[in-house]
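Please arrange chain Z on chain X, whose structure you already have, making use of the hints.
Quick note, the sequences are listed as chains X and Z, same order. FYI, the numbering for the first sequence is 1 to 399, going by full-length UniProt numbering. FYI, the numbering for the second sequence is 1 to 399, going by full-length UniProt numbering.
Errors might be hidden in some of the hints.
Note that the list lumps identical chains together, so a pair holds whenever it fits in one copy or between two copies.
Claimed, not checked - Lysine to aspartate or glutamate pairs mimicking DMTMM-like chemistry, simulated, CA-CA at most 25 Å apart:
(1) K350 to E389
(2) K187 to D212
(3) K85 to D38
(4) K26 to E58
Hint data in this document are derived by calculation from the structure and do not stem from the laboratory.
There are 2 protein chains.
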Amino acid sequence: MPLTFAQRLDNVETSAIRELFKLLGKPGIISFAGGFPDSAMFDVQGISAAVNTALQTEPGAALQYGATEGFQPLREQLSAFMAQKGAKDVAPDQLIVTTGSQQALDLLGKTLVDPGSKAIVEGPTFLATIQCFRLYGADLVSAPVDGDGVQVDKLEQLIVEHRPRFIYLIPTFGNPSGAMLSLERRKRVLELAVKYQTLIIEDDPYGDLYFDAPPPPSLLALTAEVPGSRDWLVHCGSLSKVLSPGLRVGWMVAPAALLAKATMCKQFSDAHTSTFAQATAAQYLADGHMPATLARVRQVYGQRARTMTDALRSELGDAIDFVAPQGGLFVWARLTGAGGKLKDGAELAKRAIEQGVAFVPGAPFYCANPDLSTLRLSFATVGDDKIREGIGRLARALG
Amino acid sequence: MPLTFAQRLDNVETSAIRELFKLLGKPGIISFAGGFPDSAMFDVQGISAAVNTALQTEPGAALQYGATEGFQPLREQLSAFMAQKGAKDVAPDQLIVTTGSQQALDLLGKTLVDPGSKAIVEGPTFLATIQCFRLYGADLVSAPVDGDGVQVDKLEQLIVEHRPRFIYLIPTFGNPSGAMLSLERRKRVLELAVKYQTLIIEDDPYGDLYFDAPPPPSLLALTAEVPGSRDWLVHCGSLSKVLSPGLRVGWMVAPAALLAKATMCKQFSDAHTSTFAQATAAQYLADGHMPATLARVRQVYGQRARTMTDALRSELGDAIDFVAPQGGLFVWARLTGAGGKLKDGAELAKRAIEQGVAFVPGAPFYCANPDLSTLRLSFATVGDDKIREGIGRLARALG
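Chain X with its partners taken away, still in its complex shape:
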């Protein structure tokens, strides 16, 4: 007799992307497929100093069980970190620390989603969000995105039509679209939240990774300008893209009633986030290293992004269309089919592997109606010369 599994597992399948990743071990391949920061950018020295200070000054706290809500000195540092970015009124007890922001998504699914609950996400959006919410039975609705982020008129129509339990957005340099929601649309989104009393989840792991000018303030910061909107906003932050994913330190700001429910659920999910990692992150922030670290990653990723977009234009010409990203880790592009060339992203991904370059086709990032011509290319982990070489290979794969 086989084991009986829970029915919720029928809602998801192992990611199509995972199969592609198995091919990445091929020698000499240049990979634009990743969704992670460059290990070479990690401030190993600063993190080492932080963990040693934490273990010397408060070993009991760093190694013992901690509060489910999070290590208090880290909550204070994160409150201050957000204040520096314009969200000035988030007290430490208005956030909980999560095991990466992935856990924030899981806790939101657990607290908010019943089988059949409607929720709106961007099309395209983060693949693990789609899977995470579907595992709890969510019925996801896709809202269209352009170069300025989610299209708010369409979003309003979808809210009226579906009355979703929440709307999940990555407003700033989102994965995979790289799009930046305009200031005007940000305010409209918050107004819609209040008008329709609908929860907005702002996932913001990339907002610090801007290349030139800072992006508009986060939805969280803008709640100060839209009366009542703070009651309908959840904000998920993360140190993964700016400091280290291996720490698994994220956080979530939410209305008090929701934060209490999420905390109860977290108690039974993993009791608390590693205090060892939390105390290290708190010390790192307290040591004041973050501004220099951010300046460095912005400079390097900005340079790589320009190298990639320049190479795409010169090598692929009008066969590809994209909006140059202003931050984040990704170029999101569309095959135009110009000159009778290939328009299918998945097919191009296969041919590209043969040419020694990898990227992720865009279709899996849609919860419905995928655009099969799309590609996600990450420039974050590849040096400039290799980027040019890789895009050359991509051009050859396109033929």
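Just chain Z now, kept in the frame of chain X:
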């Protein structure tokens, strides 16, 4: 309009124990209420050395995203760690690393429990297990325990009656009962698993904390003696009680099909356990510190357990009944009512706080039919003199 929460939240309530814990800040209180190891026992020097080595030799791995299944060097160390304790045939890829063993429970709930699914747990059992499984809708059935652990004849009756999706046991020095399942009963449990093709979950965070003779082999180790039983066994391990809870490093051994489903779920729960913590734990184990650390905690906790049981006998006499623990962190006791004294654990807990001593009443540890006369007393974090003083206060509270 208030937020709409998922219906699964109606299955649980914030722990009664949490309310008690709020009282523990009272100055001068002696607390036997905790369920955690003594911070003073942490090997801060060994852990510091391990994290520094990990950051020097493989910073990329320690700080980057990692495989959902776990950091491979840690999986290898954990395989070797289990082999030393008699489970010799667990390959590294037959386990996944979890964010504390609490996450293993959550993943088991997510993969195995549909609303209304039956599952058998010990009465009493770990409180967070009850809540964790109920959050997924489990209908829990309580199997009675005596000084030799779960009563296997009763367990068989309950399996036949309820055909549960799984049976969850803490066979060795369980929380809260402290009981040690006898060797004979261990084999019977595995035979029942095969006979009824029913999954057994062995939660084993305390097995290393024996005071004199080692306990019988784990169910995992004993699967080698009961043909077919390995296909029906899940084993959850943890470094929390023996090394540091703050690392949040646990692991789960399970049949391949279940392990694959749990891995998929973990991908959407927290992507992976902190590689920073995993690399540190792997290095600590590789450095060979664990045997000395275990010897030290066994000696200290054994001494404290004897001090507590001696004091209970001399101070409370026949008003209290218990089986002296042979390992773990807890004395599980029953008020007898002898001499007309109080028999209600919750009432005694209130009076005890007034006398300056805290413990946890036993009733919340039952998923059904609580024994109201029970108490859980942890000796782990209190020195010998304070244990004697605290038990004296408890005797005064009992009147």
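Please flag the earlier hints that this structure goes against, numbers listed from lowest up. When the structure is compared with the hints, none of them turns out to be violated.
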